[in-house]
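One letter stands for each residue in the lines below.
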Amino acid sequence: MPFYKFIPHEIKFFDLFDRQADKMVEAVICFKEFAEKGIFDDSCIERMRLLEHQSDSIAHDIIDSLNRTFITPFDREDIHSLTNKLDDVVDLIYAISKRMRLYKLKGKNADVQEFSRLIMQSVQSLSIAIKGLRNHRQPQTIQQACIEINKIENISDQLRDVVIQRLFKSKKDPIAIIKWKEIYELLETVLDVCEDVSNIVVSILVKQG
Amino acid sequence: MPFYKFIPHEIKFFDLFDRQADKMVEAVICFKEFAEKGIFDDSCIERMRLLEHQSDSIAHDIIDSLNRTFITPFDREDIHSLTNKLDDVVDLIYAISKRMRLYKLKGKNADVQEFSRLIMQSVQSLSIAIKGLRNHRQPQTIQQACIEINKIENISDQLRDVVIQRLFKSKKDPIAIIKWKEIYELLETVLDVCEDVSNIVVSILVKQG
Amino acid sequence: MPFYKFIPHEIKFFDLFDRQADKMVEAVICFKEFAEKGIFDDSCIERMRLLEHQSDSIAHDIIDSLNRTFITPFDREDIHSLTNKLDDVVDLIYAISKRMRLYKLKGKNADVQEFSRLIMQSVQSLSIAIKGLRNHRQPQTIQQACIEINKIENISDQLRDVVIQRLFKSKKDPIAIIKWKEIYELLETVLDVCEDVSNIVVSILVKQG
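Residue numbers (the numbering used here), protein chains in the order written: chain B, 1 to 209; chain X, 1 to 209; chain P, 1 to 209.
The set of hints was computed from the structure by calculation and includes no laboratory data.
Identical copies look the same in the list; a pair holds intra-copy or inter-copy alike.
Derived lysine-lysine pairs resembling DSS-like cross-links, with alpha carbons at most 25 Å apart: (1) K169 / K108; (2) K181 / K171; (3) K151 / K98; (4) K32 / K85.
With the sequences and hints as input, model every part of the structure.
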């Protein structure tokens with residue numbers, strides 16, 4: 001079989017990953033919008049649920065293509081990990097939105113807004129890294145994006161510490177502390193998971209290197 | 001060496017995984033029984049400890065066989081992951097039982113009982129998926145079981161949200177909230193880990209596909 | 001290219017892992033010292049931050065060497081996992097120190113001290129296991145160290161249960177319970193992560209076996 005026969009499969013995987021990355025960015029745009037309005041109501045949750053569902057569908061398409069494809073652009077296991085971890089980002093944002101509603105945490109919160117901006121920056125870099133896999137012979141773009149993701153994770157780590165310290169100082173109600181502590185830690189975890197995805201991207205680069 | 005020489009090793013691995021799956025189901029039967037009685041006392045913990053120990057022994061037998069076997073029915077790493085994650089299910093059920101006793105959470109609790117029923121359904125499907133690995137040329141059985149596990153995980157996710165929402169509404173004592181919130185989240189995590197195991201089973205299928 | 005040309009690379013990896021293991025032990029010595037004094041202040045955090053930074057640098061050197069080396073002493077993915085999980089140990093100890101300061105948990109605490117002794121024992125065994133990878137044809141040393149790490153993890157599990165039970169009995173302030181419960185669980189998690197690292201070491205042994 002001539003080599004070009006394989007190319008369509010490769011392109012398909014890259015296209016699917018691009019779509020999954022776009023869906024992740026879309027979910028974060030949505031989350032950031034709600035954070036800025038300070039509203040996590042039923043219609044917000046419904047929009048997030050839809051995005052989560054769409055991200056899930058793309059992940060399933062990727063796994064399906066994997067089952068039906070003999071040659072893949074990189075390791076089968078890496079395709080598996082990458083799509084699952086990407087899906088985790090969207091899952092987590094959806095879970096946080098649901099928790100905000102469940103805890104009836106209403107009103108604009110500057111810290112939630114700040115986290116949502118960091119998450120936005122991180123997923124934009126992540127999207128660049130993932131789309132860079134198509135041209136892995138120019139690894140600088142990916143490497144720069146991954147350095148950026150790592151930096152943002154460090155900033156979010158410090159933000160969480162500052163915010164939780166303030167929480168214990170300002171709030172005397174233990175139930176409010178339980179709720180907000182969880183939300184802030186979940187928000188920081190989104191940045192951790194973005195970094196996990198970027199580590200998978202780097203390890204794919206390493207193997208192709 | 002003729003090919004049939006290898007077969008005994010393959011059979012041994014499948015037998016060991018069957019035994020580990022059975023032990024997991026046994027642990028859940030035990031947990032469900034205690035949940036229905038509403039009693040997590042010393043004798044309950046002792047029975048769970050024994051089951052956890054037996055599951056551990058089987059996991060060790062699998063790793064030992066791995067060390068002494070050249071040809072394995074599937075990837076060495078997958079055998080490692082599968083046995084470790086299966087052991088995690090039993091570990092977690094044992095940990096929840098210990099936490100129930102530690103927190104002195106006595107009496108029948110309809111939500112704990114509902115979770116125990118979902119866990120029962122999930123591990124039964126998981127057991128079917130694992131036993132299906134023997135006949136991976138008929139992947140439909142495994143795929144159906146894994147779809148079922150995924151469905152149950154979604155249901156348990158919703159159950160946890162409903163139950164935690166009710167908890168924050170009904171209880172005013174923050175210490176009671178801390179305890180029950182943890183128990184409900186651990187119970188839901190069992191379903192997550194079952195789904196993790198089923199994902200490993202699927203990824204084994206993918207590689208053999 | 002003659003075979004001996006590859007040897008330097010192998011030695012380099014082992015040297016880097018030895019250095020990372022030493023850095024981990026150093027971080028734990030530091031943590032144990034602060035636990036014994038009962039002081040987690042700015043100068044403590046600064047020392048821990050430095051150690052965490054140094055451990056991070058070694059991890060980056062390992063990944064860099066991986067990118068520039070064709071032949072490695074064991075699987076590229078295992079090198080990746082091992083260095084990342086080792087880094088997690090130091091990260092976690094640093095995070096616990098920061099949390100102790102953030103929560104203003106001052107004064108000597110016998111339970112924190114007991115955990116710090118268990119962590120010390122575990123990382124010492126872990127260091128032996130990692131340094132044993134150089135001579136993987138004598139796997140007994142590694143296996144014994146890993147059995148020891150597993151034993152310590154079991155002990156720490158029981159310690160955490162006892163300590164948390166006592167916490168709920170002795171403290172009536174929910175906010176104090178929230179803080180200490182988190183610290184004790186993080187301390188126990190260090191032992192879990194040490195066991196995770198030892199499992200990676202064992203799985204490297206298995207593949208080379």
